[in-house]
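Model the placement of chain F on the given structure of chain V, informed by the hints.
Residue numbers (this note's numbering), protein chains in the order written: chain V, 789 to 1011; chain F, 3 to 312.
Simulated from the structure, these hints should not be mistaken for lab results. Please note: incorrect hints may appear among the correct ones.
Claimed, not checked - DMTMM-like cross-link-like pairs, simulated, lysine to aspartate or glutamate; straight-line CA separation at most 25 Å:
{"no.": "1", "chain 1": "F", "residue 1": "Lys226", "chain 2": "V", "residue 2": "Asp885"}
{"no.": "2", "chain 1": "V", "residue 1": "Lys826", "chain 2": "F", "residue 2": "Glu227"}
{"no.": "3", "chain 1": "V", "residue 1": "Lys873", "chain 2": "V", "residue 2": "Asp885"}
{"no.": "4", "chain 1": "F", "residue 1": "Lys98", "chain 2": "F", "residue 2": "Glu69"}
{"no.": "5", "chain 1": "V", "residue 1": "Lys794", "chain 2": "F", "residue 2": "Glu227"}
{"no.": "6", "chain 1": "V", "residue 1": "Lys945", "chain 2": "V", "residue 2": "Asp885"}
{"no.": "7", "chain 1": "V", "residue 1": "Lys939", "chain 2": "F", "residue 2": "Glu227"}
Claimed, not checked - If you want a taste of the chain V side facing chain F, the calculated C-beta under 10 Å gives, among others:
{"no.": "8", "residue": "Leu849"}
{"no.": "9", "residue": "Glu855"}
{"no.": "10", "residue": "Tyr995"}
Claimed, not checked - Here are the in silico distance ranges between beta carbons for each label pair:
{"no.": "11", "chain 1": "V", "residue 1": "Lys825", "chain 2": "F", "residue 2": "Gln219", "range": "42 to 48 Å"}
{"no.": "12", "chain 1": "F", "residue 1": "Arg144", "chain 2": "V", "residue 2": "Pro942", "range": "55 to 61 Å"}
{"no.": "13", "chain 1": "V", "residue 1": "Ser866", "chain 2": "F", "residue 2": "Arg285", "range": "23 to 29 Å"}
{"no.": "14", "chain 1": "V", "residue 1": "Asp847", "chain 2": "F", "residue 2": "Gly308", "range": "20 to 26 Å"}
{"no.": "15", "chain 1": "V", "residue 1": "Ser866", "chain 2": "F", "residue 2": "Gly155", "range": "47 to 53 Å"}
{"no.": "16", "chain 1": "F", "residue 1": "Lys108", "chain 2": "V", "residue 2": "Pro989", "range": "55 to 61 Å"}
{"no.": "17", "chain 1": "F", "residue 1": "Glu89", "chain 2": "V", "residue 2": "Lys825", "range": "43 to 49 Å"}
{"no.": "18", "chain 1": "F", "residue 1": "Gln302", "chain 2": "V", "residue 2": "Glu857", "range": "36 to 42 Å"}
The structure displayed is predicted, hence computed values, not measured ones. Glycine included, C-beta positions come from ideal geometry on N, C-alpha and C.
Below are the chains, spelled out letter by letter.
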Amino acid sequence: MSFLLKEFGDSAVLLTFGDHISKEVHLQIVSFVQEFKKLEVIGVVAVIPAYTTITIQYDFLQISYHELEDLLFSIDYSLKEETHKNIIEIPVCYHDDFALDIKHLMEYTGLTKREIVALHTSGDYLVYMLGFTPGFFYLGGLDSRLFCPRKEGPRVKIDRGSVGIAGSQTGVYSVDSPGGWQLLGKTPFNLFDATSDKVFPIKQGDYIRFREISLEEFNAYKK
Amino acid sequence: MIEIIKPGFYTLIQDIGRNEYQEYGMPVSGVMDRDSYRLANYLVENTSGEAVLEITMTGPEILFLEETEIGITGADMSPMINEVPLEMYTTILVSKGDVLSFGKLKNGFRSYLSVNGGFEVDKKMNSRSTYTYASVGGFYGRALKIGDVIPVGARGSVQLKKVPEILFVKPFSTTSVRVIKGPEFEVLKLGEDSCFFSTEYRIGNNSNRMGYRLKGQSIAHDAKEMLSTGIVNGAIQLPSEGMPIVLLADAQTTGGYPRIANVIQSDLPLLAQLKPGDKLRFRKVTLEEGQSNYFNKEKQFNGLLGLSKK
Chain V
789 MSFLLKEFGD
799 SAVLLTFGDH
809 ISKEVHLQIV
819 SFVQEFKKLE
829 VIGVVAVIPA
839 YTTITIQYDF
849 LQISYHELED
859 LLFSIDYSLK
869 EETHKNIIEI
879 PVCYHDDFAL
889 DIKHLMEYTG
899 LTKREIVALH
909 TSGDYLVYML
919 GFTPGFFYLG
929 GLDSRLFCPR
939 KEGPRVKIDR
949 GSVGIAGSQT
959 GVYSVDSPGG
969 WQLLGKTPFN
979 LFDATSDKVF
989 PIKQGDYIRF
999 REISLEEFNA
1009 YKK
Chain F
3 MIEIIKPGFY
13 TLIQDIGRNE
23 YQEYGMPVSG
33 VMDRDSYRLA
43 NYLVENTSGE
53 AVLEITMTGP
63 EILFLEETEI
73 GITGADMSPM
83 INEVPLEMYT
93 TILVSKGDVL
103 SFGKLKNGFR
113 SYLSVNGGFE
123 VDKKMNSRST
133 YTYASVGGFY
143 GRALKIGDVI
153 PVGARGSVQL
163 KKVPEILFVK
173 PFSTTSVRVI
183 KGPEFEVLKL
193 GEDSCFFSTE
203 YRIGNNSNRM
213 GYRLKGQSIA
223 HDAKEMLSTG
233 IVNGAIQLPS
243 EGMPIVLLAD
253 AQTTGGYPRI
263 ANVIQSDLPL
273 LAQLKPGDKL
283 RFRKVTLEEG
293 QSNYFNKEKQ
303 FNGLLGLSKK
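Only chain V is shown next, with the shape it has when bound in the complex (with noise of 0.2 Å):
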C-alpha cells in the first residue's frame, strides 16, 4: 500500500493511490485526509481528494517541498474497519413534473417508472468524491439495470436539485447549470448553502440514500 508523489505546479502537490475506482483505494484517500488533516501542518492551503487521487496546495513560503514530501510519506494511513457509515437521506419526487426524461429512461432500461423509482431508492449510494460545481457528489453503487448514456445535446439550463442518471452514475445538480444528465426526479435538500451553518452538508465518504416523497410534501419541504 503505497502512494506516488508528483510536483503540481510550483505550490501544490498531487498523491496518486490507484489507477480505477475502487472503494479500498476510496477508504485509502478517506482515511490519509483525516489523518493529515489532524496535523494541522502550517502553510497547507487546501486538499482536494477525489477518486484515486489527492491534490495539496502549499505556500511555499512556509512550508518547502521536501518538509511537505517528507511529512506526506510519514503518515500512518493504515485502513481500520469501517465502523460507522454516515448515511445522509436525500428525499427526491419522481413526479412527471420533474422527472423530464423518464420515458426515455424506461425505454431504454425496458423498466416500469415504479420499477425505476425502486431500484433508485434501493440502494445506500457511497459519495467517492465531490466536484463539477460546489457541493456536487460523484455516487457509486447505483444498479446496473439503471444504467442509462447521458443525453446527445445537454440541456441548456437545470434547476439545482435535479436528480439525473450518466452511464452508471447518478446525482444531484447543487447549482443551476447546463448538463446532459437523464433526468428523473428532484429534491429540495439543498446541497450547498453559503449561507447556512453548515454550507455543505455532505462529504467524501459519506453514503446516500434516496427516499420516495410526494409533490405535495416537495411543495411543503419547501414553504
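Just chain F, lined up with the frame of chain V:
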C-alpha cells in the same frame, strides 16, 4: 459608500478568495491579478485582505458619497475624476460628490480599485469574493449594476503613497509565461520538443475567469481519458482536440483532462492582464526556479513598498 452610475463591462467585488472549501467543489475565486490587488490595497493602507473592485475591459462610472482615499492599479483604462485624467499607482483623495470614470483601455485587461477601509459587503464562507456562477459573495453574488450602493469600511488615516514604476503592469507584444511540467506531461508525444513550447498562442474569445482557451498549433498527444482529479490555479489542461486551456481563479476544483503544465505562481498576474487576441508563449522552468522567482518577487515587493507578507 459609493454608487454605481455605470457598471462597465464586468465589475466584481473580489479579495484573495476562498481556498478551504475546494474539497467540496467550491472554486477559489478572488482577484485574477494578485500583484495589482496588493498594490491597490497598499496605496490606501488596507492591510487585512480588504476587498477591491476588479474591473475588466471597460471601466465603471462611480459616484463617491463621502470623502475618502482610493488607489487604482493594473490595466490602464484612462481613469478620470470629474473628467480630469488622474494618475494610477498613487494614493488619490476624492471628495464627496466626485465621479470616477474610465476611458480608453491602453494596456492590460483588468484594473483594480481600492478604497480606504475596503468594500464592506458581508463575508460569505470567509471571503468577500464574488463567484457569479453560484451567486456567492460580493454584492448579491453578481457583477455590479446601475444604482448599486456599496458600503465602505471605516476610514483610517492614510499617508499618500506612490508605487515604483517597475511594478506597473507593462504591455508586451508577446507575453512569456513560465511553466513547470504538469503531472501528465508524458502525454505530449514530443515531450520537451512539443510545439507547446515553441508555438505562439493567442487567447481565445471564449475565455473568462474560469479559464483561458488558447488558439494556435494543435498539440500532438496520446492522452487517455482520466478519472476526475484535482485542479489548481494555473494548471494547463489538454482536451482531446489538442488546444490547451489554462485554468484560473474561478476554475472547477476537479477535471478529467491531462494537465500538461502549470503556470508558476509569480507569472499568474501576467495572464490576468491578457485579453482575447493577445499573444503568449510558454517557457519551461524547474520547480526550484518557479519558487525562487516567487521568493524574489516577494523580496522586491517587500523592499520597495515595505509591505509585510501578503
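Hint check results:
Straight-line distance between C-alpha atoms of F:Lys226 and V:Asp885 comes to about 39 Å, which puts the hinted pair past the 25 Å bound. Between V:Lys826 and F:Glu227 the alpha-carbon distance is near 34 Å, which puts this suggested pair outside the 25 Å criterion. Distance hint between V:Lys873 and V:Asp885 is unfulfilled; the C-alpha atoms sit about 33 Å from each other, more than 25 Å. Using a Cα cut-off of 25 Å, the hinted pair F:Lys98 and F:Glu69 holds, with the two alpha carbons roughly 5 Å apart.
Of the pairs offered as hints, the one joining V:Lys794 and F:Glu227 holds, with about 19 Å between alpha carbons and a cut-off of 25 Å not exceeded. Our distance criterion of 25 Å between C-alpha atoms is met by V:Lys945 and V:Asp885, whose separation comes to about 16 Å. Straight-line distance between C-alpha atoms of V:Lys939 and F:Glu227 comes to about 19 Å, which keeps the hinted pair within the 25 Å bound. Because the closest C-beta pair between V:Leu849 and chain F is about 7 Å apart, less than 10 Å, the hint holds.
Hint on V:Glu855 is violated. Least Cβ distance to chain F is approximately 13 Å, over the 10 Å limit. Annotation: interface hint on V:Tyr995 violated; nearest CB of chain F at approximately 17 Å, more than 10 Å. Roughly 43 Å separates the CB atoms of V:Lys825 and F:Gln219, a value that falls within the hinted 42 to 48 Å. A beta carbon spacing of about 24 Å between F:Arg144 and V:Pro942 contradicts the range 55 to 61 Å that was offered as a hint.
For the pair V:Ser866 and F:Arg285, the supplied restraint of 23 to 29 Å is violated, since their beta-carbon distance comes to about 43 Å. Against the hinted window of 20 to 26 Å, the Cβ-Cβ separation of V:Asp847 and F:Gly308 comes to about 21 Å, which satisfies the hint. The hinted range of 47 to 53 Å is satisfied by V:Ser866 and F:Gly155, whose Cβ atoms lie roughly 49 Å apart. Evaluation of the 55 to 61 Å hint for F:Lys108 and V:Pro989 yields a failure: the beta carbon distance comes to about 48 Å.
For F:Glu89 and V:Lys825, the hinted distance range of 43 to 49 Å is satisfied, since their beta carbons lie about 48 Å from each other. Under the hint 36 to 42 Å, the C-beta atoms of F:Gln302 and V:Glu857, about 28 Å apart, miss the expected range.
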